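Number of protein chains: 2
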Amino acid sequence: MGQRIIFQRQPRIVAVSTIAGTKECEGIVGRYVETALADDMFGESTYEKAECKMLSHVIDGAITNAHLDRGEVDLIISGDLLNQIISASFAARDFSVPFLGVYGACSTMAESLALAAAFVDGGYFRHVVAATGSHFASAERQYRYPLELGCTRPPQSQWTVTGAGASLVAGEGDGIRITSATLGKVVDYGITDVNNMGAAMAPAAADTILTHFRETGEEPDAYDLIVTGDLGALGSRILKDLTWEKGLDIGENHIDCGEIVYNVLEDEFQGGSGAGCSAIVLNSYLHAKMMAGEFHRILFLATGALLSTVSSGQGESIPCIAHAVTLEK
Amino acid sequence: MGQRIIFQRQPRIVAVSTIAGTKECEGIVGRYVETALADDMFGESTYEKAECKMLSHVIDGAITNAHLDRGEVDLIISGDLLNQIISASFAARDFSVPFLGVYGACSTMAESLALAAAFVDGGYFRHVVAATGSHFASAERQYRYPLELGCTRPPQSQWTVTGAGASLVAGEGDGIRITSATLGKVVDYGITDVNNMGAAMAPAAADTILTHFRETGEEPDAYDLIVTGDLGALGSRILKDLTWEKGLDIGENHIDCGEIVYNVLEDEFQGGSGAGCSAIVLNSYLHAKMMAGEFHRILFLATGALLSTVSSGQGESIPCIAHAVTLEK
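Heads up: the sequence lines are chains A and B, in that order. Under my numbering, the first residue of the first sequence is numbered 1, with each subsequent residue one higher. Under my numbering, the first residue of the second sequence is numbered 1001, with each subsequent residue one higher.
Among the hints, a few may not be true.
[What the hints assert, rightly or not] In silico SDA-like pairs for lysine to any residue, Cα to Cα no more than 20 Å straight-line:
(1) Lys1246(B) with Asp174(A)
(2) Lys1246(B) with Glu1215(B)
(3) Lys246(A) with Ala288(A)
(4) Lys1240(B) with Asp1188(B)
(5) Lys246(A) with Ser1096(B)
(6) Lys1289(B) with Asn1065(B)
Simulated from the structure, these hints should not be mistaken for lab results. Just so you know, these numbers come straight off a predicted model, no measurement behind them.
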């Protein structure tokens, strides 16, 4: 049957909500973010609690922006980068709504959106929230080093976005239509450098993009934009090389959320990353541009690196995945 | 719309596969397990790699038992207890099949089965594998203490099952029909004792069971068995009290996978737990009994405790969840 699902009823994103940290709101994308944090701790005592509060804030925001009551929401699908996805689970605790936890690392926005679309398209539920987020400080101390150590970051590294985004998917109403989803395979090219996520994830993105265009028979110019989640500058170059080698030139209309989320300063090196990266770019900037009629058709593809500190410590390479959804307005 | 999904096309479990450790295979359930490990390391150098290999083994087993080639499988849905669900992600790397990672702790078997049924029922895919597993030693060192410390276990604790199970869900063929799924909410009664998962999870199980019977209008005797995942002996007693208080008496036909998975010996205390617990009981013992015509209708309900060592360390209580699927033969 191929890897692609076609949503006959064309479920739509009827409302979105985003929140982002101080650094994220300095960039161009930041101008489109709904809530700009003045303090990355969000009034909480720990980074993890701040991350959870951001996620809860955008889930609530998307419901409110859709003019719905919480009782009218049938399902929340969410995940994050933390061990046992505590941000998503604890955020879901605030809502008396059924919950499905997912884990796809930085691919979570596309995974949860594809699942939400399937549940609505299948006629199982009317209103489903897909949400994810990340926090720079909680990710650093979990995956790398506590910030207090002041470790030097290598030039191929990326900066985990502090932010969260949510989409409310419904069966009817005005919004961005989700017309198909291409679910990705786990791809591992043997990269072991945990500071070079772009290189690890690019082959997974290439695999899903090539599959998508092979199965649809479309050309890249059928889309205004082909958007990857957080490959960063280096990973995006690798992606373009990998697809070009296979006869597909996406150079004209490819952008990467990680590349555009920050004003390029020295310390982010390759750009942004984290589940929150594609979540805020999709649900703020891209959503606004689509609703304004500037973009009509986008292939949104979030990529995830499925490693843990334990797997890396045991000498494993980094398996990655990318899921794509087609968005139309 | 309620929390319940009705699967009109009645997707079915056409094949299963299970594997379990030495201790698990000593019990009554163990006689029904497909592959009995002689060595809980499964020939690997670490517990985590053994867990991953078990999961890979049962995914492959379910595909083989369904007389399918890997190329005919459209999707693998899997998750586990480890940080960043590395067992599931690394197992999926072995298969060139689209993958969705989920996290629901010990509720993963029900969550992945409900998702698999939705994808098949919606007509999106023909063959979907739902799988999960756990390993006693990897869970102990991640959630509690390294085994080498020889810590004393408190009497309210449970023993994480070493084992994995997979179900192959298809749109047609002979098998156990999945007729509905009731997706659970996150429920938190404020339990903070990380050694007493049964008490933490029982309210979530009660919430989903009460919702299921309220929405269906059925009585408990409409089922041969109401099966919970891994509440253990104490948690099962709490569940029966909580539902009885709300006017629903499930005492007659309730069993708990954690309670039956081991011969009761001193060191398991309340019984088994872990994502592998309900996975092996469902895909070995319950599957065999249903196929033999001994049970016709089962409400299978796996429960998960959505905590992490970080959340507990930061003083949080334990949010829990339970998803239910109705199985008929």
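Structure-based check of each hint:
1. Taking the CA atoms of Lys1246(B) and Asp174(A), the gap is about 42 Å. The hint is violated against a cut of 20 Å.
2. At roughly 15 Å between alpha-carbon atoms, Lys1246(B) and Glu1215(B) fall within 20 Å of each other, so this suggested pair holds.
3. With a C-alpha separation of about 33 Å, the suggested pairing of Lys246(A) with Ala288(A) is violated against the 20 Å cut-off.
4. For the hint pairing Lys1240(B) with Asp1188(B), the CA-to-CA distance comes to about 18 Å; that is within 20 Å, so the pair holds.
5. Of the pairs offered as hints, the one joining Lys246(A) and Ser1096(B) holds, with about 19 Å between alpha carbons and a cut-off of 20 Å not exceeded.
6. A threshold of 20 Å between alpha carbons decides the hint, and for Lys1289(B) with Asn1065(B) the separation of about 17 Å falls inside it, so the pair holds.
Hint compliance for this structure: hints 1 and 3 are broken, all remaining hints hold.
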